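Participant: Taking the hints into account, I'd like the entire structure generated from these sequences.
There are 2 protein chains.
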Amino acid sequence: MDRIAGKAHTKHYQKGAFLFRSQEKDDALYIVNRGKVRIYRLSDSGKEQLVRILNPGDFTGEWTLFNPDVVHEEYAEATRDTSVCMIQQHDVQEFLKEYPAISLKLLGEMSQRLERSARQTAQVAVESVITRLVLFLAENVEPEMGNSSTITLPMAKKDIASYLGTTPETISRKFGELENEGLIQQLSGKRIKIQDLDDLLLYSE
Amino acid sequence: MDRIAGKAHTKHYQKGAFLFRSQEKDDALYIVNRGKVRIYRLSDSGKEQLVRILNPGDFTGEWTLFNPDVVHEEYAEATRDTSVCMIQQHDVQEFLKEYPAISLKLLGEMSQRLERSARQTAQVAVESVITRLVLFLAENVEPEMGNSSTITLPMAKKDIASYLGTTPETISRKFGELENEGLIQQLSGKRIKIQDLDDLLLYSE
DNA sequence: TACTTTTCTTGATGCACGTCAATTTTTTTG
DNA sequence: CAAAAAAATTGACGTGCATCAAGAAAAGTA
Chain A
0 MDRIAGKAHT
10 KHYQKGAFLF
20 RSQEKDDALY
30 IVNRGKVRIY
40 RLSDSGKEQL
50 VRILNPGDFT
60 GEWTLFNPDV
70 VHEEYAEATR
80 DTSVCMIQQH
90 DVQEFLKEYP
100 AISLKLLGEM
110 SQRLERSARQ
120 TAQVAVESVI
130 TRLVLFLAEN
140 VEPEMGNSST
150 ITLPMAKKDI
160 ASYLGTTPET
170 ISRKFGELEN
180 EGLIQQLSGK
190 RIKIQDLDDL
200 LLYSE
Chain B
0 MDRIAGKAHT
10 KHYQKGAFLF
20 RSQEKDDALY
30 IVNRGKVRIY
40 RLSDSGKEQL
50 VRILNPGDFT
60 GEWTLFNPDV
70 VHEEYAEATR
80 DTSVCMIQQH
90 DVQEFLKEYP
100 AISLKLLGEM
110 SQRLERSARQ
120 TAQVAVESVI
130 TRLVLFLAEN
140 VEPEMGNSST
150 ITLPMAKKDI
160 ASYLGTTPET
170 ISRKFGELEN
180 EGLIQQLSGK
190 RIKIQDLDDL
200 LLYSE
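Residue numbers (numbering that gives the first Met the number 0), protein chains in the order written: chain A, 0 to 204; chain B, 0 to 204.
Hints are not guaranteed to be accurate.
It does not matter which identical chain is meant; a pair holds if it fits inside one copy or across any two.
[Said to hold, decoys possible] Simulated crosslink set (DSS-like; lysine-lysine; CA at most 30 Å straight-line):
{"id": "1", "residue 1": "Lys6", "residue 2": "Lys96"}
{"id": "2", "residue 1": "Lys157", "residue 2": "Lys14"}
{"id": "3", "residue 1": "Lys46", "residue 2": "Lys157"}
{"id": "4", "residue 1": "Lys35", "residue 2": "Lys189"}
Rather than coming from a laboratory, the hints here were simulated on the basis of the structure. Because the structure is a prediction, the values reported are computed rather than measured.
Facilitator: Structural data, given as structure tokens:
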């Protein structure tokens, strides 16, 4: 750990700053220390698709690690003041060779991400917006007592829209629909009360 | 290599047989030797989404390797007579610990797959069908002389439809559209002639 | 606390694409 | 090669959701 710490740089980003933008990534692994980072892609037509949100402890940059000199097109934007820990590609490679156990951990994380991504694709491809939204909510309930619980949305609704491959307008309407059906209640400050999770999940015609 | 070969089993599947189905996967790594395997998912509503097609040399099963006892929901079906090489999870772990270089290779492969998957999600989410189809074609041209080339579709149109998150009917129509525009020609036997790749790529309103 | 900016909501309208159904073409199989 | 099965095509029709626009609410800032 000490050795790693020795090689790592800490870097601060103000809200709105980019850790990197499409194509101009310097080959490093980024580990979020504090703050929040949106990772998204831009389509040809200029619409953005949210890929993932990085919270403290999460990392990104693995792509350039193992496939340097192949560019890819993600944007990483700090959505609030953020500090990250950067380790250069070269150094990471060293550590991985020296401590194989880290590779195994990494492989575990990567396969989880791959799983999520595949599920995400499948959902966007074949499920209706309301179904995607319900599944999204279900994924974000903190397991609590009983079947009713309240959750705090992990991101703004416009980001949920982007994540689910739809528009803010539609998301707004679908939330309304769920509320009308008595399945959820929209409280203040991104908090949602779910009356009954099973009922909610059943509501996907 | 010898050591690995010693642990590996070879297994044959007839066309239509499943290497594994959702949830009932035995913890092993599958490497395709001969034949072709469709990996897909089933949505709640029963529609399938093609995730990937395995050709000789490709592998799957990494998920259970690093996240055993977590089920996930992919189906792997041999679309023709296929032989695969199976290595038990336990043995793979051993090899990885012993030969760290393999982990690095694996990580490279995984990050490529992750990249593809993320791109796939983004495309399905925000691009129109015709754009997705064009991009799909562009990804499958073998780099050839000049700007015009012919490609052989790597899968049936119905599979392309499933892969791109749409229906066979729509795919059929979009191919027709592209042909009417003089951008491609549909030859016999899954062969497509692309007049000019740049023009094709420009055609995505 | 007032001001600015961002996010969210709501309505009206249109189209891309899914669905159902029927036919044709291609592939598979004995 | 003929018969059967699977895949592809074509038409008619309906709808889920995007889009544009404009106002309301919330969050951020001074």
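Participant: Checking against the hints above, which ones are violated?
Facilitator: none
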